[in-house]
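*Asks:* Chains A, B, C and D supply the protein sequences, listed in that same order.
Number 73 in the numbering used here belongs to position 73 of the first sequence; there are no gaps in the numbering.
Number 116 in the numbering used here belongs to position 116 of the second sequence; there are no gaps in the numbering.
Number 49 in the numbering used here belongs to position 49 of the third sequence; there are no gaps in the numbering.
Number 352 in the numbering used here belongs to position 352 of the fourth sequence; there are no gaps in the numbering.
It is possible that some hints are incorrect.
Stated by the list, open to error - Where chain D lies over chain B, by a calculated footprint (3+ residues, C-beta under 8 Å):
| id | region |
| --- | --- |
| 1 | 64 to 70 |
| 2 | 130 to 143 |
| 3 | 187 to 198 |
What the hints contain is simulated information worked out from the structure, not anything from laboratory work.
The structure presented is a predicted model; accordingly, all values stated were derived computationally and were not measured.
Ideal placement from N, C-alpha and C gives every residue a C-beta, glycine not left out.
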Amino acid sequence: MPGIKLYIGIWLGLVIATVMEVVVRSLPGGASLIVLVISLIASAKAVVIALYYQHLRYDGIRLSALPIAAVIGIVFLAVSAAMTITMGM
Amino acid sequence: MSQPIPPSAIDWNNLFNLAASIAIIATAIVMAAMVYFVIKYRQKKGHTKFIQKIGPSKSRARDALIFAAISIILLLSLTIASYRLTPNARFPPPVSESLVVKVTAYQWAFRFDYPNGVNTTGICYVPANKSIIFNVTSIDVMHGFGLTDFRVKIEAIPGRYNVIGITTPSLDGNSELNYTIRCYEYCGVGHMDMAASLFVLDPTAFNTWLNNQTTINATAAGG
Amino acid sequence: MKEDVQTEENKSSFVPLIIAAGVAVLLLGLAIYIPLIVAGLVIITAALFKLFKDGASEKYAERKQIEEEKYPLESVSKEKLGLWIFLASEILIFGSLITAYLYVRISSGSWPVATQTHNVILGMTNTIILLTSSLTMILGLYSIRLGNVKGLKICLGSTFALGLAFLGIKLGIEWPALISSGFTINSGLPASSYFVLTGLHAVHVAVGLVAVGYLMFRASMGGFTSSKHVAVENIGLYWHFVDIVWMFLFPLFYLI
Amino acid sequence: MYGEFSIKEWLTTTNHKRVGILYIVTAVFFLIVAGSFGMLMRTQLATPNENFLNPFTYGQIVTLHGLLMILWVLTPLGAGLANYIVPLQIGAKDLAFPRLNATSYWTYLFSGLLLVGTVFLPGGGANTGWTLYAPLNTIQFSPQSGATLAALALALFAVSVTMSSINFITTIVKHRAKGITWTRLPVFTWSILMTMALALFAFPPLASGLLLLTTDRILGTVFFSSTQGGSILWEELFWFFGHPEVYIVVFPALGIIAEVFMTFAKKQLFAKKIFIIEFAAVTFLSLGVWMHHMFTTGVDYNTLQVFSFTTLAISVPFEGLVLGLVLTLYKGHIKLTAPMLYCLAAIFTVTLGGVTGVLQAFPVLDYAFNGSYWIVGHFHYVMAGTTLFALIAGLYYWWPKMTKRKYNETFAKITFAFSFIGFNVLYFPYFFLVDMPRRISTYTASTGWASLNFDSTVGAFVFGPAILLTLLNLILSYRKNDACESNPWEAKEMEWTGNYSGLTPEPQNVDITNAERIVTGSQSVPEKSEIPNNGDLI
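Here chain A stands alone, though its shape is the one from the complex:
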């Protein structure tokens, strides 16, 4: 198991990432680029929490298969839903 310093370090990192999200929002630049950066940061935060706070990293890849499978299921649903959207009608 990791030590107390690692946990606090991760927390600091997550807080900084959160502030970064807010800062990125106000930066000039293409809207889609901002959306991309923010969603990347959000996903990275989620992965870090899952790996360390939910200690999936120490429980092994086999257990991680469960949440990964669920995420893949949602990607299935989201992609097909996206294909049924008809805009501007």
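Assemble chains B, C and D onto chain A, guided by the hints.
*Replies:* Relative to the frame of chain A, chains B, C and D by itself:
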């Protein structure tokens, strides 16, 4: 009264007959095998031992693969056959060569709007030998716009325009042809009564009707 | 015949029946007659109280070890596996809700600018509060693994307080402000999706608070030791999951 | 033989055998309710212009018949058998979380009662068909509070199933006795594992959809009443659940057929490993086919073509499953008992239901079938035929295990003959009613549907009573007080080796060497247990 079968329905019937024959043959083979096994290998006296397996496992894997391969080939050839039909239903001829009719479904009837502003409810007149494009929508709940005689169907969804095309057959000596349009999606208590008639007229008769309607509408608007 | 009954007697419980009945009354209330909601909640609370009491006294703890096949999850306890399966279903629930949100948002074409509707500073504060509560939760597990019961109690207490603070900011400050500015739940898709998604998340936080409260109750009875703390770990996993969901809801509603 | 009957014991039980029996009894109760709704529908449709039921009552009955049969009858009947059998097949003492299991059962029971209760509310219940399509399900078009309650009951059921799937997956993964390695896991247990894995993926999106629907109805959100969300959003969420649900219903049936074939043909399943691989392939693919229910919604044609391909792809392993079952009979020693007959009938119906399903996988062909009685015929062959027959076979097959009683074989064969003939007379005409829309409450004589509908109603009046008599046979045998031997079929599977029937607890040191059928893998090396075993989830 014998009405001519629309061309799209003839194509559909051919594909269906092909697919259904394959399906029936496949079912028959499986059923025949099952019945044969049941009769041939019924339990007799002295059959007490549990049979672990018959033959080496490799041959079983090979059998399974062969069956899979056969069905994949059959399914793929049917898919290719089905492509030939696809354009009729989903990619009708260009709008310029077609009569475009806007269909508005509501509880519990169909309204048809013609390009020149004429509209009818419950009855749709179209000319013979022509490509017709239905632009289908709904103003309340989901409905189904189904012309089973032409083997086409599309859902009428609020906020969306769905397109379906048919080609009307020639009259073949009849003065008019009459097909039924039905709602195929449950839409409330009036679902069973939600239908309309599609009349295929001689093109000149159709034009006469359309012009008459314009005059009537104009008179109505003027008076 | 009689001995059949006796062997299972120690496991039998009215709690499942009462919880199900309470939920049924609650749903009847939601659909038909509002006061029944209160009755349903009272029944569920009573059942939960009994459940927590049984849990704290470990009435149903099983000690007999049976040799079992273990592949492929040798090192994972069945409680943890069950919880992860539950979390997978939760991922699918929130995932499909987010899908629905994105669907209506994209098909709407125009959507109000997030920063003009929502208070980014409050959202960011709440995010940091939840992150901190996650930290205290994992530190609680860390403490009890070392046998530090006092540390566990402090950590659970801070987690509970932070969770309450999150709900206080969300329900006490943000929502009233939004509602008074006309952003009410029935004012269209943007408000609908905001209130349903963050509302369901808030419900999850509240459930987490009840669970953390149970841990505090059990910890105060001396229910955890360095070798026995499955509940701390499992409720922690749930708490971090709720945190992860917020990591997506925050940018989706406040930033993008 | 259940000891002295005590209501308290049944109300508080967490024992998997008792919960299993509660599931079965409740599912049979809902089967009778939903079946009588079906009989009412057939009576109404027997002749044209019939006025036996008004359209609103008919719509409600259609909705309830569909919802109850698929969700409250077929799914839990399989779950009930699984509750009783799966722990025995893997040598577990109970399910992993016994109290969670009891909670699943009670939420299932109450959700069903709430749903059936909607008909007694002023204004009636949901009148939308079991698919609850938006926007017909919104408050504007279904203002009655019964429709809200129906949605909530469905959500409660989704919660119940999710709890079951957590329980079963954990049990099967973590509680296999020494020696029950994955290669030796009995086929029925495999089928339940796949079922529960699918349920885990299928039900949460439904629950989300229902959450949005109920907030629409109660709090005034606009997900399904606005055109930006509306019909297509609901169809996406619903069918993402709806299609896997078909497999959730069919998988336990296939597992039962495999068990029954193995016992009464005295033979190991044909190519068990391939069978399991095909099972897994169907499970995976079934999560990617749901949009074939949306071929006529006007969504992008290329998207539909993709789903047409996945649908065709799933038919290949599924066909492999059916062939595997049929080939199990090859060179066996077949004994035609009642469960065997029901399973053979189920193979017939699944083949016919399957090939008609393949025809629908072509979007072009589906344009004619969609929303018509052809579809009704297709899924009744799969569900009312395959699943119900196989579940009855399962009940008959495990009845001696569950009750120490044997049903009357001759009576069972007679009722089988009537139910099989009645079934086909009832549903086969539907394949010729391609132009008759589903869910219509009546039709005019000029449509020409009258004679086929009349045939179908005649079939219904044979099929319905035959199923009732089938169940009566079991009840009569239970009342007769002569115990049969504990393994009357000389079955070789794990659950029969304990020689303990009824509610007697099974021995814990399971000796798998007696179970000839599962001994196909290699012997595993014993390991010491390091897993803390603390009883329940928290």
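*Asks:* Tell me the hint numbers this structure goes against, listed in increasing order.
*Replies:* Violated hints: none at all, because every hint is consistent with the structure.
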